[in-house]
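Enquirer: Chains as they are written, first to last, in our numbering: chain B, 1 to 192; chain R, 1 to 291.
A few of these clues could be false.
Under the rule of at most 27 angstroms between Cα atoms (straight-line distance), these lysine-lysine pairs were calculated in the DSS-like manner [what the hints assert, rightly or not]:
hint	chain 1	residue 1	chain 2	residue 2
1	R	K11	B	K126
2	B	K126	R	K5
3	B	K178	B	K139
4	R	K11	B	K178
5	R	K12	B	K126
6	B	K126	B	K139
7	B	K139	B	K69
For the record, the hints were derived by calculation from the structure and aren't laboratory data.
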Amino acid sequence: MELATAYPSWSSVNDLQLVTRVVAGEAAAERELYETYVDRIYRLSFRIAGDDELARDFTQATFIRAFEKIGSFRGESSLSTWLHSIGMSVALNGLRKTKRLRKREAPIEEGLTVGSTRREAEPDLKEKMARAIESLSEKYRVVFLMHDVEGFTHEEISGVLKIPVGTSKSHLFQARSKLRVALADFAPEWVS
Amino acid sequence: MTEDKFESFLKKAAPSYNSPPERAPREEMWRAIQAARQAGPRVVYGGGANSVATSGSRFGSKVWLSAAAAAVLVATGVGIGRWTASPGTESTAASTVARTAAPDQVALEGPIKGDASGSERTVTTERGDSRAPGGRAFDRSTSVASGPSLRLDVASGGITASGNGVSGSASTAGATSPSAYQVAAVNHLTQAEALLTSFRTRSAADQRVDAQLASWARELLSNTRLLLDSPVAVDPQRRPLLQDLELLLVQIVQLSPGGTPQDREIIEHTLKQDQVLTRLRTAIPAGQRGS
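Make the full structure from the sequences, and use the hints.
Expert: Here is the structure:
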C-alpha cells in the first residue's frame, strides 16, 4: 500500500495479474480488461471527437492496439494510464486526419448554404461554451476536457499525455483564461 | 474568489460539451475488435501519445496530388515486382519494359545482361513464351487491369506509370520486390482509408462531395485491381480485404450526385458489415498514418 501511495501511477497487483493473464492468451482476461476500461476510454474518445462513430472507431483501435502491445507493458505506470495514453494517441491522430477531411468539405458546404437565412437567435450558453472549447488549441482543450470535464488529476494527465505536471497545470490555466474571455457574456454567472 | 466561482461555473457548464451517451456500445465495439483482430495481425492507429501527424498532405485540392502519388507508387510497386519476381532476374540498369494495351503481349526493350555489346534490342514475348534471351524468365500469365499502363525506365533511374490520367516518377535504386510491393500496398490502403473516412464523415447533402469521392474511388479502384493481381494479394488476410475494398470502391464510383439515400445506405451497410475501415486500419503499419 505504501508503494501505491508513494507511486500512485504504478500498476496495482491486480493490474499486473490481469496483464499476465492477457499475455498468456486467456480470452476471459482480455474481456475483463476490456470491460474494466472501455467506458472511460469511450467517454474520453467521445469528448475529444464529439461523434459516436469516431468515438467507437477510436475506442476499438485503442483496444486492438493495446492487446497487440500488452506484452510490452512493464507496470511502470498504471494500466489505466497506459491504456488512456494509447487512447489519446489514437484519438488525437484520428481527429487530426478527420479535421483535414472536413476542412476540404467546408468550402463546398458553405457554397451550398448561400442564400439560406442565418439563425438570428443568440446562441445559448451551451452553444457558446461549445464554440469556446472548440476554439482552444488542441493541447489546452485536451487538458481542460480531461481535468475539468472528465475529472482526471494533473498527475494522471501527466502520465497519459507524457507531459510534466507543471505543464498540465499551465495548460489548464491557459485554457480557463481563454474560456473566461470567450464567455465574457456570461460573467454575471460567476461574478458576484 | 471570482476565480473559484468561474471554476465552478466551468465545471457545471462544460460537461454539456460533447456529452457522451450514458452507455457505451460495449458489445458492438467488442465484436468489431474481435473481427479486426482475426482479420489481421497489425493494428496501429497513430504513433506515440504525443506523436504529431505529418503535415505534408492536405485533403482539399492536394488530395488529387496524393491520389496521383499513390497511384504511381502502386504501379511502381507492381512494376518492380513483376520485373524482379521472376527467377534468374539479372537485368542491368538499362532496360525498359513497356506494357502495351494487349495484356498477353509484353515488349521488352534494352540491353540484357550477357549482351556484351550493350546495344539495345527489342524482344517481344507472347503469353506462354516465358523465357527471353539472356536467361531472363517472364511470367505474364496473370492479367493486369486494362486501365493503367506501366513503364519502367531503369536506365534513367526513373519509373513512369500512366493510366487514368496519372503519371509520375520515382527512383528505383535499391528497390526490392517485396518492399516495393509493401510500400505500394500500404500507401494504397492509407489512401483507401482516407477515402472511406471521408465518405463516412460527409453529410447526406454533400452531393458534390459524392462526385469527388466517386472520381477518387475510380483512381483507387484501378490500383486495387493491380494489387489484387500482384504478390501482395497472396496474403490470406490482405486478399479478402482488397476484394471487399474493390466492391466498396465500385459502389462509390457508381454513386452519382443524384443517387438516392438508399444507395448511400447500401455502402454504409457494406462498410459496417465487413468492417472494412477497421480492417484497413489494422492492415496499415505504425508510422504510416496521418500522412
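Enquirer: The structure should be examined with respect to each hint, and the outcome stated for every one.
Expert: Hints, one by one, checked against the model:
1. R:K11 / B:K126: 13 angstroms, holds
2. B:K126 / R:K5: Measuring from Cα to Cα gives roughly 18 angstroms; hence the hint holds.
3. B:K178 / B:K139: 13 angstroms, holds
4. R:K11 / B:K178: Satisfied, since the Cα-Cα distance of roughly 15 angstroms is no more than 27 angstroms.
5. R:K12 / B:K126: With Cα atoms ~11 angstroms apart, R:K12 and B:K126 stay inside 27 angstroms; holds.
6. B:K126 / B:K139: 22 angstroms, holds
7. B:K139 / B:K69: 26 angstroms, holds
Hint check: no violations occur; every hint is consistent with the structure.
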